[in-house]
Amino acid sequence: MRAPTEPPILIIENLHLSYGKKPILRGVGLTVGHGEVVVLLGASGSGKTSLLRSINLLTQPQSGRIVIGGEPIFDRAENGTDRLRIPPKHIERIRARTGMVFQHFNLFPHMSVLRNVTEAPILVGGVKRDTAEQEAQHLLRQLGLETHAEKRPAQLSGGQQQRVAIARALAMNPAMMLFDEPTSALDPELVGEVLRAMVSLARSGMTMVIVTHELGLAFEIADRVVFLDAGRIVAEGPPAEILLKPSHPRVAAFVARFHESADMLKPFLETA
Amino acid sequence: MFDLSVITVNAPLLWQGLLVTLLYTVTTIATGLLVGFTIGLAQLSRYPIIKLLGRVYVEFFRNIPLLVILLWSYYALPIFLHVNITKAWAGYLSLSLYIGAFYAEILRAGVEGIDPGQVDAATALGMSASQRMRRVILPQAIRRMLPPLVGQSIIQMKNTTLLSAITVPDLLYQGSYISSFTYKPMEVYTAVAGIFLIILVPLTALARRMEGPHASAH
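Sequence order for the protein chains is B and U.
Per the numbering used here, residue 359 is the first one in the first sequence, and the count goes up by one each step.
Per the numbering used here, residue 182 is the first one in the second sequence, and the count goes up by one each step.
It cannot be assumed that every hint is accurate.
Derived CB-CB ranges, DEER-like [what the hints assert, rightly or not]:
1) Lys379/B with Ile295/U: 24 to 32 Å
2) Gly378/B with Ala269/U: 47 to 55 Å
3) Asn244/U with Gly378/B: 25 to 33 Å
4) Ile295/U with Glu628/B: 48 to 56 Å
No lab work stands behind these hints: they were computed from the structure.
Quick reminder that beta carbons are idealized off the backbone N, C-alpha and C, glycines included.
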């Protein structure tokens with residue numbers, strides 16, 4: 359983390375979201391500093407993915423306030439009136455500086471790997487094609503994908519596709535990266551390569567908000583874990599503190615499941 | 182027996198008919214594509230009013246038989262509007278607006294069939310609604326839309342035979358005309374059917390080929 363005087367890159371205040379009558383987020387507040395890595399944990403249905411998708415307004419919350427890099431992207435009172443009129447162009451500009459990686463990669467299947475990475479910088483960022491392609495090649499090399507630039511996404515493994523998706527997001531020079539269960543759709547043997555890419559990204563100082571079930575990743579790179587239950591944050595702090603000495607019963611139950619599977623494995627690992 | 186001379190002697194009339202049929206097929210498909218694209222996008226609009234207008238258009242033209250639309254636009258519309266509408270215009274407009282409704286449905290289904298994750302990804306990259314449509318959604322949707330578009334266009338060519346009901350001299354009309362003075366309906370209508378087969382069988386095969394690899398990709 360950099361100097362504490364720097365304003366936080368993300369401020370979320372009193373965020374409410376519901377699908378129809380079903381409440382998903384019930385007054386969530388979260389602040390993320392520059393270079394901070396925050397891991398969102400919680401059972402499925404706890405609202406963590408909805409919270410992540412609210413940050414760049416892929417999902418529209420009902421009320422609350424979201425400020426990214428000092429610029430409000432959403433500000434609506436609980437009675438539903440906008441406190442600020444934010445034009446779509448403004449929202450698009452903030453989104454462009456907020457990278458996102460999805461569970462199912464969502465690469466553009468009709469474009470080559472290279473085009474996937476250069477499309478937004480050229481179209482949205484106004485970068486020249488030559489420059490964008492050089493930058494893309496550089497990113498693909500960093501992620502170990504340089505030999506795949508001309509292939510279509512369908513020709514790659516899931517792990518490779520997810521690394522292309524990371525490159526695609528990084529190509530916009532984001533100030534913050536959002537990850538929505540980036541390894542959940544991968545075959546177990548492909549998880550490692552994506553996790554390693556995320557670890558090195560975190561080490562490079564990138565601000566990251568990550569929804570994941572990989573507790574190992576949380577311990578490895580998270581400055582802070584945030585635990586959601588039924589649309590509220592019930593625990594928040596350094597991973598060791600929250601996960602090893604859980605004070606909230608839902609966190610304890612969540613962590614216990616990981617202990618269980620580890621315990622089940624133990625005798626097999628010992629006899630091996 | 183089968184008297185081929187009826188066909189050879191009257192070949193110029195059949196050719197003229199075929200030309201009219203092809204002319205209506207091509208022009209109404211072209212206009213219909215424009216109409217269909219517009220109405221299809223309207224159906225996909227985020228504004229409920231525009232969406233509803235698109236829906237109303239589609240349901241209007243899909244639920245009235247084409248023959249009724251043709252007869253109505255030629256015989257009834259002029260009375261309503263106090264204008265003269267030639268049979269050529271009535272035929273052209275009816276066929277164009279009619280197929281436009283079907284093209285609009287193909288476009289809507291093609292776009293709605295795209296994985297919502299594609300829109301998420303494009304949105305997250307900062308693309309505007311029109312950029313998402315042009316660069317991400319339509320290029321993928323058009324691939325899915327091609328086989329049904331070709332199929333619907335084949336139906337359109339067959340539907341032009343209904344023009345004969347408002348005395349537009351298409352292939353079928355010319356056939357009926359020849360038959361009326363030669364008294365050889367068997368030869369003439371066989372020839373008319375044969376001409377449609379010769380033109381449409383290769384097109385149908387093409388549509389099937391386009392569907393083949395597409396279907397197996399899922």
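Tested hints:
The hinted window of 24 to 32 Å between lysine 379/B and isoleucine 295/U holds, with their beta carbons roughly 29 Å apart. Take glycine 378/B and alanine 269/U: their Cβ atoms lie about 53 Å apart, and the range 47 to 55 Å holds. In this structure the hint that asparagine 244/U and glycine 378/B lie 25 to 33 Å apart at CB holds, the actual value being about 32 Å. Look at isoleucine 295/U against glutamate 628/B: about 50 Å separates their beta carbons, and that is inside 48 to 56 Å.
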